[in-house]
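Model the full assembly from the supplied sequences, consistent with the hints where possible.
Going down the list, the protein sequences come from chains P and V.
For the first sequence, position 15 matches number 15 in the working numbering, and the numbering has no gaps at all.
For the second sequence, position 151 matches number 151 in the working numbering, and the numbering has no gaps at all.
It is worth saying that the hints were derived from the structure and are not from the lab.
Among the clues, some could well be false.
As the list claims (entries may be wrong) - Example chain P residues on the side facing chain V (calculated, C-beta under 7 angstroms, incomplete): (1) Lys-3; (2) Tyr-6; (3) Leu-162; (4) Ala-198; (5) Glu-202; (6) Val-209; (7) Gly-210; (8) Thr-212.
Said to hold, decoys possible - Here are the simulated lysine-lysine pairs, DSSO-like style, with alpha carbons at most 30 angstroms apart: (9) P:Lys-115 - P:Lys-88; (10) V:Lys-89 - P:Lys-3; (11) V:Lys-123 - P:Lys-3; (12) V:Lys-119 - P:Lys-3; (13) V:Lys-130 - V:Lys-89; (14) V:Lys-27 - V:Lys-89; (15) V:Lys-214 - V:Lys-89; (16) V:Lys-214 - V:Lys-27; (17) V:Lys-130 - P:Lys-3; (18) V:Lys-171 - P:Lys-3.
What the hints assert, rightly or not - Computed footprint of chain P on chain V; a stretch qualifies when at least three of its residues, placed anywhere within it, have a C-beta under 8 angstroms from a C-beta of chain P: (19) 71-79; (20) 107-121; (21) 203-215.
All values reported here derive from a predicted model rather than from experimental measurement.
Glycine included, every Cβ here is placed at the ideal spot set by N, Cα and C.
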Amino acid sequence: MVKLVYFLRTALGGLRQSFFVHAVAALAIGVSLLAMGLSRFAAGAVGAAVDAWGGDVEITAYLKDAISPEDASRLAERLRREERAEVKLVGPEEALARLARELGGAGQVLDHLPKNPLPASLELRPAADSRSAAAVAVFAGKLQQAPEVASVEYGRDLLERLQRLSLAVRWAGALLLALVLLAALVVVSATLQLAIYARRAEIEIQQLVGATDTFVKVPFLIEGAFQGLMGAAVAALGLLAISVYVAPRVGEAFSFLTAQLPLPNLLEVRGLLELAGLGVILGLLGSIWAVRRFMRL
Amino acid sequence: MIQMFHVSKRYQGDAPALVDINLHVEKGEFVFLTGPSGAGKTTLLKLIFCAELPTSGQLLVTGRNVARIGRSGVPYLRRHIGVVFQDFKLLPNRTVLDNVALTLDVLGVPRRESVRRVKGMLKQVGLEHKADSFPPRLSGGEQQRVAIARALVNDPAILLADEPTGNLDPKLTIEIMDLLRDFSARGTTVLVATHDRSLLERYQKRTIAIEGGKVVVDQMGPGRALAGA
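Have a look at this one:
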């Protein structure tokens, strides 16, 4: 306990003594955590867009000609019950009437057909919790397997493209993030080496009067952790500013795609705790690196 | 307290710094190490406080074999040894009290107890009124007394002083040497490396002369037989 108080006092003294150097390191951690927060935000926004589009996609299952209206109704009922999907049964006559409406004046051509060529179909909207691109694809696959179904259509190309975009954004974000984190680690380590170098006389005397390596190292590790916390605070402030001033405009910019793009919340308590935790880990790693390098000399 | 058996030290690529040193220093003894610059005085002190390890031979400090304690054991051995240098090695941005308290901080002594002991120690070296001063505001003699207080505040068995008066004028030199003699009289084993012959004549203590890394003279002060002789 006595030593802990000493360590904290020494660490705070060290932060005061080399305030500018520590501030630079905290800023580096802050920027990297901010970048991480933003990349998560971007990935979340793309994911939300993909899910939102997935929700708008309708699946059309064309039934085989041999299927009777009763069988078609039974299939619709089963899908409502088992898949909790919204299902609308469109008979061949209704399909033809729709086509005639869509063709407008040219629709009269259809009157001359010897028989109605259009099959009955089911128009489906998956349940609210199954509207992601992946879930829609699974649902469509399942429908295709049904014996009553001839073919299934949905916006597969669009959804797959969105999925690829989502994946690319996530990977690019992760790669960029790794680079930023590494850069922050290097900056933290370099600043702490400066701080250690500035206190080398003190370290020499401590060792002379019987300080263990741990005794010498701990205050620097605490300084690293403090840097991390300060960096997390910088990142939280940055994210707060972005969520207040920038995020709503991003939402507006994307409103042509969907009216209610559910943007991820940047400042949840859990997210803030994660920021603080990551900041501390980053600061500690940087200081361990610095201390190891210095103590080897 | 300190025993050396055929101790040698050689730095890579250099001539041997110490050759076949055999030495016994008893508890409470006051010993001068003397010899020209580069003779090996500082190396011998460094071996005792484990800043260096012997190349060969056995060295026992307070009964512990330094070859066997390992790197992790060195800090614990050093807690029994106070060291004073010619250049004082004080932290300029810490008060006299904090400089001396550093020794007790390492031991985990609570702050209140530490302050009490440091003030008692500063009184012994005549600096109780300077507890809140910073080293650059003190004279050379005062700075060396702070360094001695730091070395002795945890009551170590051994005090090593490497040219402790090298930067001081004759009056301050006597002041510091009297202080070291007084601590020796109270039971601390004191080894002082110096090339100031006037001190040897004035204090008439056991003197070990080293030249070229070898002990060339080991003579007791008047009225005492050489230990082990």
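Checked hints:
Taken as an interface hint, Lys-3 of chain P checks out: its beta carbon lies about 5 angstroms from the nearest beta carbon of chain V, inside 7 angstroms. A least Cβ separation of about 5 angstroms between Tyr-6 of chain P and chain V falls short of the 7 angstroms threshold, and the interface hint therefore holds. Annotation: interface hint on Leu-162 of chain P violated; nearest CB of chain V at approximately 59 angstroms, more than 7 angstroms. Against a cut-off of 7 angstroms between C-beta atoms, the interface hint on Ala-198 of chain P is violated, since the closest Cβ of chain V lies about 10 angstroms away.
For Glu-202 of chain P, the interface hint holds, the least distance from its beta-carbon to any beta-carbon of chain V being 6 angstroms, beneath 7 angstroms. Annotation: interface hint on Val-209 of chain P holds; nearest CB of chain V at approximately 4 angstroms, less than 7 angstroms. Contact between Gly-210 of chain P and chain V, as hinted, is supported at the beta carbon level, the nearest pair being about 4 angstroms apart and thus within 7 angstroms. Because the beta carbon of Thr-212 of chain P sits about 5 angstroms from the nearest beta carbon in chain V, less than 7 angstroms, this interface hint is met.
Between the alpha carbons of Lys-115 of chain P and Lys-88 of chain P the distance comes to roughly 23 angstroms, so the proposed pair stays at or under 30 angstroms and holds. With a CA separation close to 23 angstroms, the supplied pair Lys-89 of chain V and Lys-3 of chain P stays within the 30 angstroms bound. A C-alpha spacing of about 26 angstroms is found between Lys-123 of chain V and Lys-3 of chain P, which places the hinted pair at or below 30 angstroms, so the restraint holds. The hinted pair formed by Lys-119 of chain V and Lys-3 of chain P meets the criterion: a straight-line CA distance of about 21 angstroms does not exceed 30 angstroms.
For a cut-off of 30 angstroms, the pair hint linking Lys-130 of chain V to Lys-89 of chain V stands: about 17 angstroms separates their Cα positions. For the proposed pair Lys-27 of chain V and Lys-89 of chain V, the alpha carbon gap of about 26 angstroms is at most 30 angstroms, so the pair holds. The suggested pairing of Lys-214 of chain V with Lys-89 of chain V holds, with an alpha-carbon distance near 29 angstroms, which does not exceed 30 angstroms. Proximity of Lys-214 of chain V to Lys-27 of chain V is assessed by CA-CA distance (about 23 angstroms); at most 30 angstroms being required, the pair is judged to hold.
With a CA separation close to 26 angstroms, the supplied pair Lys-130 of chain V and Lys-3 of chain P stays within the 30 angstroms bound. Restraint check for Lys-171 of chain V and Lys-3 of chain P: the C-alpha separation of about 40 angstroms exceeds 30 angstroms, so the hint is violated. Figure legend: the segment 71-79 of chain V, annotated as covered by chain P; annotation consistent (6 residues with Cβ-Cβ distances under 8 angstroms, at least 3 required). Here's how the segment 107-121 of chain V fares: 5 of its residues keep a CB closer than 8 angstroms to some CB of chain P, so the rule of at least three is met and the hint holds.
Coverage of the segment 203-215 of chain V by chain P is violated in this model, with 0 residues showing a Cβ closer than 8 angstroms to a Cβ of that chain against a need of three.
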